[in-house]
Amino acid sequence: MNKTVCEENGLKQRQQLLHYAQQLNSSGLSVGKSGNISLRCEQGLLITPSGVAYDELGAEDLVKIDYQGQPLGHSIYPPSSEWHFHAAIYQQRPEQNAVVHAHPSHCTALACTQRNIPAFHYMVAIAGGSEIPLVPYALFGSEQLAQHIIESMQHYRACLLANHGMIACGEDLPSAFGLAIEVEALAQQYVLALSIGDVHYLSEQQINEAIEQFKHYGKRE
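Just so you know, we're using the working numbering here: the sequence shown kicks off at 11 and counts up by one.
No lab work stands behind these hints: they were computed from the structure.
Misleading hints may appear alongside valid ones.
Below, computed lysine to any residue pairings styled on SDA-like, alpha-carbon distance capped at 20 Å [what the hints assert, rightly or not]:
(1) K43 to G68
(2) K225 to P104
(3) K43 to D71
(4) K22 to A69
(5) K43 to K22
(6) K225 to D182
(7) K43 to T118
(8) K22 to T118
(9) K225 to M133
(10) K43 to A63
Okay, the calculated beta carbon distance ranges per label pair [to be verified]:
(11) H29 to E219: 33 to 39 Å
(12) Q53 to E214: 38 to 44 Å
(13) V209 to D76: 41 to 47 Å
(14) P88 to V209: 41 to 47 Å
(15) L149 to L82: 24 to 30 Å
(16) N19 to E214: 41 to 47 Å
(17) N19 to Y211: 20 to 26 Å
(18) E214 to N173: 24 to 30 Å
(19) S85 to Q199: 22 to 28 Å
We treat Cβ as the ideally placed atom computed from N, Cα and C, and that holds for glycine.
Make the full structure from the sequences, and use the hints.
Now the structure itself:
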């Protein structure tokens, strides 16, 4: 790939990442400067910077780093403090090319009460398994948190972070961002179901059937 093509692809990635980063607040996934979003790119990842309001971001403000957090090119801002787990996901999950981390209200409420999202609804299977798991607490931005995430997510595409928020990942940014929206909707429904009481959970066979069905969801021969 020649230099001009690489530069064009890099600009497209920056524009796409900026587009979705600026939707974090308007979508309700995050408030203020919380949350972060990244995209796998050549030699590493492109990630939102630390401590900058999304509506003030420009494409040039996004930070390109390698998997050890070292800058690839010049940026006036440091990368998000959560870059460790973004890098860890890309290294451990080659099929995932985008990561969305946010603090939506219902996901965070469940995470702060040490709850996962179990198989109360078949749509839980959209994240790749019979639940949306809860990752043990560790300090934000720490390598320990990244390790907990890798150990807990395994084949899942989304998780809750204890006393923190949520993560969704996907093969591209639209799918990762869409999954984050779906997970927050499920969290809201589960919180409402818990408030009513007597939640009925799907059996192992029922949720496994849904998982299998989702393997072909949206695909055409």
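Check your understanding: Using the C-beta atoms of P88 and V209, is the stated range 41 to 47 Å upheld?
Key -> Once the Cβ atoms are compared, 43 Å apart, the range 41 to 47 Å for V209 and P88 holds.
Review point. Taking the CB of V209 and the CB of D76, does the distance hold inside 41 to 47 Å?
Key: holds (45 Å)
Check your understanding: Holds or violated: 41 to 47 Å for the Cβ distance of N19 and E214?
Key -> holds (44 Å)
Point to revise | Satisfaction of hint between D182 and K225, Cα-Cα up to 20 Å | key: Distance of about 17 Å is within 20 Å: holds.
Point to revise | Given pair status - T118, K22, alpha carbons within 20 Å | key: violated (32 Å)
Check your understanding: Within 20 Å, alpha carbon to alpha carbon, are K43 and T118?
Key -> At roughly 16 Å apart (the allowed maximum being 20 Å), T118 and K43 satisfy the hint.
Point to revise | Pair hint outcome, K225 versus M133 [Cα-Cα no greater than 20 Å] | key: holds (13 Å)
Exercise for review: Below or equal to 20 Å on CA atoms is what counts here, so check K43 against A63.
Suggested key: holds (5 Å)
Point to revise | L149 versus L82 beta-carbon gap, inside 24 to 30 Å or not | key: holds (26 Å)
**Study point:** Verdict for Q53, E214 (Cβ pair) under range 38 to 44 Å
**Key:** This hint holds: roughly 42 Å between Cβ atoms.
Point to revise | Given pair status - G68, K43, alpha carbons within 20 Å | key: holds (15 Å)
Exercise for review: For the pair we were handed, K43 and K22, check the Cα-Cα distance against 20 Å.
Suggested key: Violated: K43 and K22 sit about 23 Å apart, past 20 Å.
Hints 5, 8, 17 and 19, counting from the list given before, are not met by this structure.
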